[in-house]
Amino acid sequence: MKQQKYSLFTTIAMIVGIVIGSGIFFKSDNVLVFTGGNILLGIVVFVIAAFSIIFGSLSVSELALRTDEAGGIIAYCETFWSKSTACAYGWFQTFIYYPTITCVVAWVSGIYITMLFGMNSTLEVQVLIGVAVITVLYFINILSYKTGGYLQNASTLIKLLPLIIIAAAGIIF
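Each residue of the sequence shown is one higher than the one before, counting from 797 in my numbering.
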């Protein structure tokens, strides 16, 4: 069987999609509220967060270089700490972390879709739309890895375009 591979662009798009999550769009106002409306301080907060992500990613890549085991963070926990730590982390990711992230992203999708189409924005409507979005994306990724890759590329470009425009506008104006 031919091994399925993603292109370099798709792989980079996956990493960018993970690092620049949806939080940058729906948490910016909270950052400004907590910094008392100080834009410079808000930018400093985002820069600190960016450096934290960069150095966290470098730390994980160093762990990856030190072992040939497959399995990501869970394998690193087993190799460098203990089997019980790896097991606990695996359970945490499976039952707390990933479901929570998926729910938040689904809910935010529901919020933005109701705003985009001027729909009645009750929590129930937002959640139903979010569940529909996650379900559709799930099936797209199951049916074809290539289609999932194209979707990843498109969503990363859609995510980066407003950020680039905002940054350029901030520099120009």
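No lab work stands behind these hints, which were simulated from the structure alone.
There's no promise every hint is true.
[To be verified] Keeping only pairs whose Cα atoms sit at most 25 Å apart, straight-line, the calculated SDA-like set for lysine to any residue is: (1) K823 - V900; (2) K823 - I892; (3) K801 - T910.
inquiry  = Which constraints among the numbered hints does this structure fail? Numbers only, ascending.
reply    = 3
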